[in-house]
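Protein chains: 2
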Amino acid sequence: MAHDVFPPPRRLLLGPGPSNVHPRVLAAMAQPLVGHLDPAFIALMEETKRLLRQLFQTTNELTIPISGTGSAGLEACIVNLVEPDDEVVIGVNGVFGTRLVDVATRAGAIVLKAEAPWGEAVSGEALAAAIARARRPKLVVLVHAETSTGVWQPLEDASRLAHQAGALFVVDCVTSLAGCPVEIDRVGIDAAYSGTQKCLSCPPGLSPVTFGPRAVAALRARTRTVQSWYLDLTMIEKYWGEERVYHHTAPISMNYALYEGLRLVMEEGLEARFRRHRLNHEALVAGLEALGLTMAVAPGRRLWMLNSVRVPQDVDDLAVRRALLVEDQIEIGGGLGPLKGKIWRIGLMGESSTAANVTTLLGALERLLPRHGMSVPSGAGVAAARRVYAAQELPTQRGTTAAASEG
Amino acid sequence: MAHDVFPPPRRLLLGPGPSNVHPRVLAAMAQPLVGHLDPAFIALMEETKRLLRQLFQTTNELTIPISGTGSAGLEACIVNLVEPDDEVVIGVNGVFGTRLVDVATRAGAIVLKAEAPWGEAVSGEALAAAIARARRPKLVVLVHAETSTGVWQPLEDASRLAHQAGALFVVDCVTSLAGCPVEIDRVGIDAAYSGTQKCLSCPPGLSPVTFGPRAVAALRARTRTVQSWYLDLTMIEKYWGEERVYHHTAPISMNYALYEGLRLVMEEGLEARFRRHRLNHEALVAGLEALGLTMAVAPGRRLWMLNSVRVPQDVDDLAVRRALLVEDQIEIGGGLGPLKGKIWRIGLMGESSTAANVTTLLGALERLLPRHGMSVPSGAGVAAARRVYAAQELPTQRGTTAAASEG
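Residue numbers (our numbering), protein chains in the order written: chain F, 1 to 407; chain P, 1 to 407.
Extracted from the complex, chain F is given alone in its bound form (with noise of 0.2 angstroms):
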């Protein structure tokens, strides 16, 4: 059993996250450990925090990874930010929106929800009137790339509407932040969360959270301890300001990929990686459809780093998705909650996110679904996306680490 572990095997990673990630990162993750008080570890912190507020577009300076993954910085938005009986208003379309909901009843909140069916936005009708329906919000949160469906969220009305009501407005950028544009300061985000793992490209265990100066003052105006020790950002900060008192062992080596991985987005640039992001989901698309799919969201409301394809008629979800990775090494993702056996997700996150792994991903699928019931013009899928990047710029060609594979 011991020898059949490592090495691994290498999988071609397209589904919800993880996605690849670059060399560079997995050899931050073998660097020799350093004290997590140590000056050498410092300087990496303050260099962490400058370029996650490039990343966030903010000027916020709590800027900081929470140190367990983005669920973790979920909890610790909302705890931090709500003391019991607050009002928190959700907006709920698939399983992140749910999971606030349960987050949030459990520290205590009158939650109202703001809902839509899974796989649509949010409206703004739904959403001011679940604000309406409260007497004094003390936050609006809405999920940006709902992970679970495959659907983007627009912002900046429901931020209006938030701060018309006296509320914060808190987004959960889990999937978003690195694959498309997050602007916190610019949408008027009070406070974000996100994760290591979707198109930062890193392994998973941290969450970069960022808090406004309005959060600030809400954490700074709290009656009651935070619920959660771990998550107490009021003691958090402390250590990753310039007091540096202890709180608990930072998880050196996740940071050091962080970091790593934060510096490849640099050298890559924001604009340039969010054009790639779009760039093969378009071609993506142009190949599933070409193949006789169907997206699963509308067009407009589309994740560009995680597409929602319907299961085909009579099609075996399971059985595609095995061959997948027996075959072909390539994980995607299935339905979650409502839509289970009835989408595929197909994640181009990050380093995953290449025209390389969208024809390697079409020709698969070419390849297996006549056999699993779906007939399927031979070729027109993966000529489909080469449309696609023939018609555009091509991007750099990034992302060394797919095992592409014909199979």
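No incorrect hints appear here.
Any copy will do: because identical chains look the same in the list, a pair fits if it lies in one copy or spans two.
Cross-link-like lysine-lysine pairs, in silico, DSSO-like; alpha carbons within 30 angstroms at most:
#	residue 1	residue 2
1	K342	K113
2	K238	K340
3	K340	K113
Calculated directly from the structure, the hints in this document are not laboratory data.
Got chain F sorted already, so can you dock chain P onto it with the hints?
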């Protein structure tokens, strides 16, 4: 700046953790990622649970790593077992007992402290008195290895007292696990948590926990939802159990590291590993005392993996530690709280516990102390340590990660 961070300096980590990491564990961290539901990762999860049970010396089914550092494991044990107004008896004789009080209070517990001066173990009398003050204690919690003071806490009488009172016995094994015996089943410990960055010699970022049948029954009998979603074991156990229900995305690379770290522990053997920690501790103590230094903890209560020694009168704590770091690349820890400036904490944990590291540190102190105002008998420390080694069978020399330097 960017070029200053990697490669990080090669430190000899002889502080309170992180400890030095074996090259095989670093190599595991650099393996490419698989998904958190990949069959290859599920196989690794199963192996990890099996190895953790061996290490904890338990048959507890619910033995898994929590996705955060040791403090997240601490909070997980408390919030899963405590409901508001439950009485919790906590042994307090250092930072980590104090932290337990804070976490339990945030969970709504009524805390009854069994106190001892920092540097001493909690006595059976103090514990019995605190238990007697409770009506019906839900938990009795002790810190096995108080990292802030270097005190080893005996557990067997406490386990009996806890169970006589009908309470669950919960133990903090963050620093003891893999360095000295932690016998969950024999001692009757109902729940325990540890960390990866101490005697397991992995990077920080995971916290192994184990829950026995009585603790699992208490979890099942809860009347209120666990206040933390991220740490809710009733959900996490469904991902680590046969159901494989997605909860949060597991930190893949950190789990690679833990698995490889556990394999190294088992290759060495628990008995041999404990003997090694004990012998290097004895050699270090002999060396420090030969230099004229005084241990801060009485014999019989000293930890093998964390040696606290008084800062000599008229010697500048910080100046000596800074010189060790800058000139010798050696990290040792300072005191915390009431012991700040009064003790040094010298970790000999996992890969850091080697004869070479003991003599390297003693040599460095022999050179540095006279420069900082304390005359020491030249060569006496190293010689005393060598006599300890000569008097015993030398354990297998492990720990190739030491950045040994005679300065």
